[in-house]
Amino acid sequence: MRYRMGTAVLSLAGMLISAYLWMFKHGFIGTLSCGSGGCETVQLSSYSSFLGVDVALLGFLGYVLFLGVSLVGVQPAWLARPEPSRALLLLSGGGLLFAGYLTWLELFVIHAICRWCVASAAIIVAVFVLALLDHRRMARH
Amino acid sequence: MAGTSTLNRFYLLLLVIAVGGGGLLFWQVRRKVPSIPANVTVTAADTAGFQGYFMGKADAPVVITEYADFQCPACQTFDMVQFPDVVRQLIEGGQVRWRYRDFPLSGHPFSRLAAHAAACADEQDRYWQQHAMLYQGQSQWAREAEPSGTFRGYAQQIGLDVAAYDACMLSAKYAGRIQASYDEGVRVGVGSTPTFLAGGRLYEGVQGSDALKKLADSLAGAAAATR
Numbered sequence: 008m009r010y011r012m013g014t015a016v017l018s019l020a021g022m023l024i025s026a027y028l029w030m031f032k033h034g035f036i037g038t039l040s041c042g043s044g045g046c047e048t049v050q051l052s053s054y055s056s057f058l059g060v061d062v063a064l065l066g067f068l069g070y071v072l073f074l075g076v077s078l079v080g081v082q083p084a085w086l087a088r089p090e091p092s093r094a095l096l097l098l099s100g101g102g103l104l105f106a107g108y109l110t111w112l113e114l115f116v117i118h119a120i121c122r123w124c125v126a127s128a129a130i131i132v133a134v135f136v137l138a139l140l141d142h143r144r145m146a147r148h
Numbered sequence: 018m019a020g021t022s023t024l025n026r027f028y029l030l031l032l033v034i035a036v037g038g039g040g041l042l043f044w045q046v047r048r049k050v051p052s053i054p055a056n057v058t059v060t061a062a063d064t065a066g067f068q069g070y071f072m073g074k075a076d077a078p079v080v081i082t083e084y085a086d087f088q089c090p091a092c093q094t095f096d097m098v099q100f101p102d103v104v105r106q107l108i109e110g111g112q113v114r115w116r117y118r119d120f121p122l123s124g125h126p127f128s129r130l131a132a133h134a135a136a137c138a139d140e141q142d143r144y145w146q147q148h149a150m151l152y153q154g155q156s157q158w159a160r161e162a163e164p165s166g167t168f169r170g171y172a173q174q175i176g177l178d179v180a181a182y183d184a185c186m187l188s189a190k191y192a193g194r195i196q197a198s199y200d201e202g203v204r205v206g207v208g209s210t211p212t213f214l215a216g217g218r219l220y221e222g223v224q225g226s227d228a229l230k231k232l233a234d235s236l237a238g239a240a241a242a243t244r
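Protein chains in written order, with the working numbering: chain G, 8 to 148; chain W, 18 to 244.
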């Protein structure tokens, strides 16, 4: 239960970060609180969209999925079932690959680091690790 | 039940994070952002010594003044399609000195902010780079609810000292200069953008680079004849 609660809390934090970046990209927020200024460079680059969809929006939707699965997983009827762990592992695994691709873009293509994007990537890594631990716990029982 | 109470505490934690995070986002939206007033009093300091943004040799035989608005789509078309040819054919060749004056139209809510973003770039000798970024990005930032972050991004991209740029934008120190520029346009008869002033005559609307070349040739010829 603790692992799934952890992924839910992290997912909510990720949703807030994604919403913040999306709101900036669409001009609802004047400037980003980002010490280096690299956030604006990344968010205004052509790589801030993926297949025509804002990366921040994709992130937000991904976190909504993580949160939804985590919340289902903590319900008493689902606590002993492995499906939520498998789904979280699969989703966060996909998220991990995408976050890795975005970090590679920041480092080697855009040459700017967005701290909020790094925070989001760290959250995805943490969700993946928790999902992995939960999956192993389920496998042992 | 321990399970139920744990779950309730967990829901409470989620609620606290959601409300706290939502509050922070709301605060960000309401946070002070640069605003460039239009009803500013123009002082002598806004006009003395500043005649506009220049490109080209000081001794060029012809001076063309462009009155334009960063949020005006026709000005964007001129800047992106015709102006590069004008730079190559007339300005770099030393035939024309270009003078840019802000003429922010009241129907364009971000014109003054954009003009101020360019003025702040001028402080760091990057006026024309910011000018180009503003026109290139016009179709994006003109749709935004508040584009100062986008302008700041341009400042970052062209290599400005962002802290100095931020301070300049928040001070709104060039609001009077922008108004003085607008007033000058009104005085010479500008009513729309872009409008070009050359040889004492106004030319309204987007001008092709060929038309401007002909105009520059004829003005240069006339200037040579009077010498």
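Read the hints as simulated data drawn from the structure, not as lab findings.
Be aware that one or more of the hints could be misleading.
Some chain W residues close to chain G (C-beta under 8 Å, calculated; not the full set) [stated by the list, open to error]:
| # | residue |
| --- | --- |
| 1 | G38 |
| 2 | G40 |
| 3 | V46 |
| 4 | G166 |
| 5 | R169 |
| 6 | G170 |
| 7 | Q174 |
| 8 | I175 |
| 9 | G176 |
Just so we're clear, the structure is a prediction, and the values are computed from it rather than from any experiment.
The beta-carbon is built from N, C-alpha and C at its ideal position, and this holds for glycine as well.
Quiz item: Okay, which hints does this one fail, numbers in order?
Solution: Failing hints, ascending: 2, 8, 9.
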